[in-house]
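The hints should help you fit chain L onto chain R, whose structure is shown.
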Amino acid sequence: MSDLDGFRQEIRDWLEANCPAEMREPARDEADICWGGRNFKFKNPAQKAWLEACVAKGYTVPDWPEAYGGAGMSPAQAKIWREECARIGARPPLSSFGIWMLGPALLKFGTEEQKVHYLGEIARGEIRWCQGYSEPGSGSDLVSLQTFGEEVIDPVGGDHWVVNGQKIWTSYADKADWIFCLVRTDKANTYQGISFLLFDMTTPGVTTKPIKLISGNSPFCETFFDDVKVPKHQIVGQLNRGWDVAKYLLGHEREMISGAGGGDRMNAIGAVVARNGLDDPILRAELAMFDVDALAYAAMGEKFLDEAKVGKAHPAQPNMMKYVGTELNKRRHELLMAAGGATALEWDSERTNGGTPARSWLRTKANSIEGGTSEVMLNVVAKRILELPGA
Amino acid sequence: MPLDHTEDQAMLADTVTGFMADAGGIKQQLRHFRDMDCKDGFGHALWKQFAEMGLTGMLAEEADGGLAMGHVEAGIVLKEIGRNLTPSPFLTTSVMGVTALSGGSDDLRGRWLPGVIAGDSVLAIAIDESPKHRPERIACRAEKAGNGFRLSGSKAFVVQGASADAIIVAARTSGSDSDDDGITLFAVPKDASGISHENLRLVDSAMASNITFDNVELDGDCVIGDVDGGRALLNKVLNAGRIGAAAELTGVGQGAFDITTAYLKTRKQFGKLIGEFQALQHRAAHLYSELEIATAAVIKAQQLLDGGSEKAELMVSVAKAKAARTCNLAVREGVQMHGGVGMTDEYDIGLYMKRDRSLGEFMGDQYYHAERVARLNGY
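Which chain is which? The protein sequence lines are R and L, in order. Start counting at 1 in the first sequence, then tack on 27, and there's your number in my numbering. Start counting at 1 in the second sequence, then tack on 109, and there's your number in my numbering.
Bound conformation, chain R alone (with noise of 0.2 Å):
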């Protein structure tokens, strides 16, 4: 015990001595988070510093291995490392596809070889990310997925793949270096037909088209594939059983999206509404009522963490956490809609930063349905976790 409250004074210490002010206050909009990446503008030099600071340490990535480019911190220390971030109220110092997703798969189906190189790329913040699942046909039915990979043998440039085909939804494709990507490599298999392969964005034939959504906004694109060159090394786990690795990762995609790591997805709201008055007492209830749901939550997220870092959270437990924390983060906009009253519904004033509360509650509408949807989550929880039958 003595051991972890000194491993708490010192990293108390050493984010006093090393998180900027201004990485102290919550994230405002968009540009306030730090991607990473061959193309990212930093907003300011505290962002930057930050960063740097965090990367020299391994504290994006503080419980992966140092040789991967984390600090190697256990489940405990791990932990001792959230709390002390968010006492202090410090923001990620890297927002990372890498790190939410495509880091665990690595770690688990990489090579020795792969996890040097790209887990460091993430670590460090160098490479950004894209996932390739969705397709126009194949949404929550994703095994149907059609991009094929054909096998090219190639005594001279190298044995590759040339992919063709299309994804959607596809999460800022058009800011990304690289994708991880479902192909299908065997037409003949549908499970044991596809294959996880990775491969540059800026590669010849690849080309992307952002999605304009009822936000106004558009992080999702459309991702064309034309008679893309992929090398064989690139490929994650066998050949034709990349459907085990996109199943793993869509766990840790689901965790992330759940929401469970902390942040804004777990506090109650009703004091911060208060504060520009609140003298509706049925929107106070539903108010109060929400509190407890979201603190509920958060204790949930704390408990899944805890028991996920252990590996004694059931396999299909971020499932049951997605829905739940997709479903209540609906519902937190709702209520913040409801309480801001005409003053929420301004589309693109000053005073509301460009109408971030109106596009942010129409952001929230694809927390349930990206990354599974929650009735396919209910779907899994009912077959997997309770084995109800022919579920």
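For the record, the hints were derived by calculation from the structure and aren't laboratory data. A quick note: this is a predicted structure, and the numbers were derived from the prediction, not measured. There may be inaccurate statements among the hints.
[Said to hold, decoys possible] One side only, chain L facing chain R, incomplete, derived with CB under 7 Å:
#, residue
1, Ala119
2, Asp123
3, Gly127
4, Ala130
5, Ala393
6, Lys431
7, Leu485
8, Asn486
[As the list claims (entries may be wrong)] DSS-like, lysine-lysine: derived pairs with alpha carbons at most 27 Å apart:
#, chain 1, residue 1, chain 2, residue 2
9, R, Lys410, R, Lys135
10, R, Lys339, L, Lys374
11, R, Lys410, L, Lys420
12, L, Lys377, R, Lys410
13, L, Lys374, R, Lys410
14, L, Lys381, R, Lys336
15, R, Lys274, R, Lys357
16, R, Lys142, R, Lys236
17, R, Lys392, R, Lys236
[As the list claims (entries may be wrong)] Residues from chain R that face chain L, not an exhaustive set, calculated with beta carbons under 10 Å:
#, residue
18, Ala298
19, Val300
20, Ala326
21, Glu334
22, Arg386
23, Asn406
Yeah, the Cβ is synthetic: ideal placement off N, Cα and C, and Gly gets one too.
Relative to the frame of chain R, chain L by itself:
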């Protein structure tokens, strides 16, 4: 600290789970004592067994013959009590009563704790004065009289009041009804003259009493803690009762859920197991999620209470509200998914519904605690 049981706590859970399922099961306890119209609403032989297991004094200090455990451990016992609908005076006696006595003198603890720990005595808690839980307002008065006090007024919903050897009474010794100060706790022996009981059987077959105190003369040594300064101790007792009831509710909810999912896997209609229907699968999966969350909220509150955290008070109300709401969903879905047989006395699911209703009310319902969450959050 991980939000999970330690190894010792997991071992305790194993032991208690087996014990309660064997000795405290629905057929041999709840149904048995209900059907014989037992005036106490529980079996004293089982209470003796609680003592032999070391459960009766788990929250008492070692110097008092207890085990000096915390709310996490008490919650482990209460969850199993809930799962088996075991009728027992554990919550009022060993959780709330022992918490109250912990604020009392050596003499007072020496007078009551040995009997509790031995499984010979029962304690009841008299706080509420109306059908709804409103402990902010206490009108029952104890006036100074010689070396002691004279107690007058009435208390409602005193669970186990019928069988209690002593009643822990929150009374007003100064100020007006809604003052924070001026509260004193008393350990009132059942045979003090001037006490009258109206013993009532509740919907869940438990016994509760409306108690009237008519100029009951009390010695000064019946006072628990400080005269007029009892609010802090009262809050401790309330926290213990609320988180205890929340833990028991998660057990009731889990028990209802388990028998319901088992039913979904055996009952056939339209040539299929009804658990194959997606309409029911989704509702079961939703209920599972809510039960997991309620359980997490309860252990979080227990750990905060045991650690003496200033955030404990808020989390206790979160836990009670969440557990009550969730358990209520579990029993309603349970009866509905059982269909017609869910309405029969023969099936146990209805017993869960009754217990939920009673426990949900005890020490503040979900609405009371949601209101409290709002106030503690400053709105």
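Hints, verified against the model:
For L:Ala119, the interface hint is violated, since its Cβ never comes within 7 Å of a Cβ in chain R; the closest pair sits about 11 Å apart. The beta carbon of L:Asp123 is not positioned within 7 Å of any beta carbon in chain R (closest approach about 16 Å), and the interface hint is therefore violated. Interface hint status for L:Gly127: violated, as the beta-carbon distance to the closest one in chain R is roughly 21 Å, over 7 Å. Evaluation of the L:Ala130 hint against chain R yields a violated restraint, the C-beta minimum of about 21 Å exceeding 7 Å.
A cut of 7 Å between beta carbons decides the hint on L:Ala393: the least distance to chain R is about 6 Å, and the hint holds. With a cut of 7 Å, the hint placing L:Lys431 at the interface with chain R holds, because the nearest CB-to-CB distance is about 4 Å. With a least beta-carbon distance of about 10 Å to chain R, the hint placing L:Leu485 at the interface is violated under the 7 Å criterion. Hint status for L:Asn486: holds, given a least beta-carbon distance of 5 Å to chain R, under 7 Å.
For the hint linking R:Lys410 to R:Lys135, the alpha-carbon distance of about 24 Å falls within 27 Å, and the restraint holds. Between R:Lys339 and L:Lys374 the CA atoms are separated by roughly 26 Å; this keeps the pair inside 27 Å, and the hint holds. With a C-alpha separation of about 38 Å, the suggested pair R:Lys410 and L:Lys420 falls outside the 27 Å cut-off, and the hint is violated. About 18 Å separates the Cα atoms of L:Lys377 and R:Lys410, which keeps this hinted pair within 27 Å; it holds.
Restraint check for L:Lys374 and R:Lys410: satisfied, since their Cα atoms lie roughly 12 Å apart, inside the 27 Å limit. Simply put, L:Lys381 and R:Lys336 have alpha-carbon atoms about 39 Å apart, too far for the 27 Å limit, and the pair is violated. At most 27 Å may separate the alpha-carbon atoms for a hinted pair to count; R:Lys274 and R:Lys357 meet this at roughly 25 Å. Between R:Lys142 and R:Lys236 the alpha-carbon distance is near 31 Å, which puts this suggested pair outside the 27 Å criterion.
Our distance criterion of 27 Å between C-alpha atoms is met by R:Lys392 and R:Lys236, whose separation comes to about 21 Å. At a threshold of 10 Å, the smallest CB-CB gap from R:Ala298 to chain L is about 5 Å, leaving the interface hint in force. Proximity of R:Val300 to chain L holds as hinted, the smallest CB-CB distance being about 7 Å (cut-off 10 Å). A distance limit of 10 Å between C-beta atoms decides the matter here; for R:Ala326 the minimum to chain L is near 4 Å, and the interface restraint holds.
About 6 Å separates the beta-carbon of R:Glu334 from the nearest beta-carbon of chain L, less than 10 Å, and the hint is met. Annotation: interface hint on R:Arg386 violated; nearest CB of chain L at approximately 26 Å, more than 10 Å. A cut of 10 Å between beta carbons decides the hint on R:Asn406: the least distance to chain L is about 7 Å, and the hint holds.
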